[in-house]
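Undergrad: Chain by chain, the residues run as shown.
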Amino acid sequence: MSPILIAEQVLNGLQFGVMLFLMAAGLTLIFGVMGLINLAHGSLYMIGAFAAAAVAGATGSFLLALGAALVAAALAGAIVELVVIRRLYDKDHLDQVLATFALILIFSEGTRWLFGSFPLYLDIPDWLSGPVTLPGGIQYPLYRLALICVGLLVALGLWLLITRTRVGIRIRAGENDREMIAALGVDIGKLYTLVFALGAGLAGLAGALVGAIQSVQVGMGEPVLILAFVVIVIGGIGSIKGALVGALLVGLTDTLGGIFLPELFKLFTDDAAGATATGSAFASMAIYILMAAVLVWRPTGLYGAKA
Amino acid sequence: MNREAMLNAAVLLALVAVPGWALWAGEPFTITLATRAVIFALAAVGLNIALGLGGMVSLGHAVYFGVGGYAMGILAWHAQSYTPLVEALAIPGTKSMPVIWLVAVISSALAALVIGVLALRTSGVYFIMITLAFGQMVYFFAISWPAYGGEDGLSIYVRNGFPGLNTLVPVQFYGLCLMVLLAVLALNWRLARSPFGLALNAARQVPQRVETVGLDPTRVKLVALVISGAVTGLAGALFADLNRFVSTTMLSWQMSGEIMVFVIIGGVGRLFGPVVGAGLYVILEHFLGDLSDYWQVFLGLILLAVVLFGRGGLVGIVAGRARTHG
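From first to last, the protein sequence lines stand for chains R and Y. Just so we're aligned: 186 in our numbering is position 186 of the first sequence, and the numbers increase by one with no gaps anywhere. Just so we're aligned: 1302 in our numbering is position 302 of the second sequence, and the numbers increase by one with no gaps anywhere.
The shape of chain R in the complex, shown without the other chains (with noise of 0.2 Å):
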């Protein structure tokens, strides 16, 4: 096994753990303010890249389908927070999964209704595909090189949007003592929908960049929104770091799973087919053992606050 393809495959690691980070980012963020687990996340993903595959099928123009995927996956998050999500708030987890289940119900079926049952396609743009050569004579896809910039800048942004700004400031203290905060003239009511909107848009926007690479159908967002779970239990509910530590380390567990795990089976036996079998079907699983030995050593995550 070269250095190089070790290299691939820790970028390939990296840019699945960005994708998964503003998958999670949004998820922890909703979860440490206002306290809400919300699995129809993964339809918010959805409609990001629904929205982005049907601009750039009108338009042709890949910057504007960006630019759809986020305000329609903000859009949708603002709405469903005012209709549904805002009467959830004083409930109990089980019926936030509930309704927030049957908002995946509502949003996928939904869909097919709108789009059909087949997969579009959401091309690469030409100024964006083809390899580059990185250091060290690394060949590797501009776009997803792009994809972990982007996810970076993200990151970046969201933590100068935390610590920097006046809605830093009151998503921090919303985090901390609601009620205190509402005391003090704050519009909670709109700091939530505010937060859950920018959740919602960071979920489409990942929905829209991982579109590219993969194709858009309805159910893509769900196995995305449990990798987002395992990523926040690794992490810690509510800390932004540890939804980006997570990520990373999910991400590269994953990819990098999949590929020496069934080579290290091959070094223990002489069936080469059995080995490879063996070694990914236990590579599937390799992210799960990784969160329960998280589990094992600190139940709240990396970064999760001291029960």
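Just to be clear, a hint being listed does not mean it is correct.
Simulated DEER-style distance windows between Cβ atoms [said to hold, decoys possible]:
hint, chain 1, residue 1, chain 2, residue 2, range
1, R, I6, Y, L1291, 21 to 29 Å
2, R, G130, Y, V1086, 21 to 29 Å
3, R, L267, Y, L1291, 53 to 61 Å
4, R, L75, Y, Q1205, 36 to 44 Å
Computed footprint of chain R on chain Y, listed as stretches where at least three residues anywhere in the stretch have a Cβ under 8 Å from a Cβ of chain R [to be verified]:
hint, region
5, 1051-1060
6, 1126-1133
7, 1158-1166
Chain Y residues, not near chain R, derived (Cβ > 12 Å throughout) [claimed, not checked]:
hint, residue
8, E1027
9, E1211
10, M1260
11, V1261
Simulated from the structure, these hints should not be mistaken for lab results. A virtual CB, placed ideally from N, CA and C, is assigned to each residue, including glycine.
Since the structure of chain R is provided, determine the placement of chain Y on it from the hints.
TA: Coordinates of chain Y only, in the frame set by chain R:
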């Protein structure tokens, strides 16, 4: 008799009367539909033990349902292909339901034990996300493990046998499933009133008090989760036998969501809640499914309405608020 008891009696009567009505009205397919409802009800009764009595919001019960299903699939597949289950010990597969049930119950209980030990280190939202995540882990493992069909699943040609019955006759298989459901409901009723059930109830409400009297609330919950998983696993074995097919769909997160939906639309913590919920789901699926391919949109709207306006599910709407637990 209070209203809940009257509702329960009516549901029981309807379950017993369905096959007679179906044969009289010349709609034998209704029996298969009713069998599906009874098996879903059994799976949901299992979840209700964890959710209603123990307050554990497990979004990963498809694991136990699927493990039960695969227990049936693997044993019957080895029996029909005349290959030994364990090569070294020459243990054969089997087509006998009682043996399959035993294996399904033990293996799903073990799965619940392992997941429970890890997931119960946390609570609240963490517990929900972790059970969901472990569900996904088992799902992906089943897909990528090629020995038993992987994504294609396993087909079993002939339904497994039960001593003294011809399980290929729909009415007889329905009767068998109904008996299992009633036995488990009786067990559930006894369990809720036993010292263990009371401790579990207390562990859900005020874990500190349970600790004060010298019990370990986490251990009480773990035992409840294991029982819960075992019941859902038994339902999984029956479901696989109903379809004579088992696939990773039984392990998917949607399945977990559906089992939870059965419990909630029926009524959490009510003895017959899961039965009512599963029945209603199968009826909706059948009739709305005829009306529109996108019937789940309407299911979603109904669910939203139940959560936002109708606390306590259907049983709650009919019978009013639950008595204080006891």
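Undergrad: Compare the structure with each hint and give your call.
TA: Outcome of the hint check:
For I6(R) and L1291(Y), the hinted distance range of 21 to 29 Å is not satisfied, since their beta carbons lie about 55 Å from each other. In this structure the hint that G130(R) and V1086(Y) lie 21 to 29 Å apart at CB is violated, the actual value being about 53 Å. As the Cβ distance of L267(R) to L1291(Y) is approximately 58 Å, the hint placing it in 53 to 61 Å holds. Look at L75(R) against Q1205(Y): about 41 Å separates their beta carbons, and that is inside 36 to 44 Å.
Against chain R, the region 1051-1060 of chain Y contributes 3 residues with a C-beta closer than 8 Å to a partner C-beta. That satisfies the three-residue criterion, and the hint holds. Remark: the region 1126-1133 of chain Y is confirmed as covered by chain R, as 6 of its residues place a Cβ nearer than 8 Å to a Cβ of that chain, reaching the required three. With a cut-off of 8 Å between beta carbons, the region 1158-1166 of chain Y has 0 residues touching chain R; three or more are needed, and the interface restraint is violated. With a least CB separation of 28 Å from chain R, E1027(Y) remains clear of the 12 Å interface cut-off, as annotated.
Non-interface call for E1211(Y) relative to chain R: holds, since the shortest CB-CB distance, roughly 16 Å, exceeds 12 Å. For M1260(Y), the non-interface assignment is contradicted: its Cβ lies about 7 Å from the closest Cβ of chain R, within the 12 Å cut-off. With a cut of 12 Å on Cβ distances, V1261(Y) falls inside the contact zone with chain R, its closest approach being about 7 Å.
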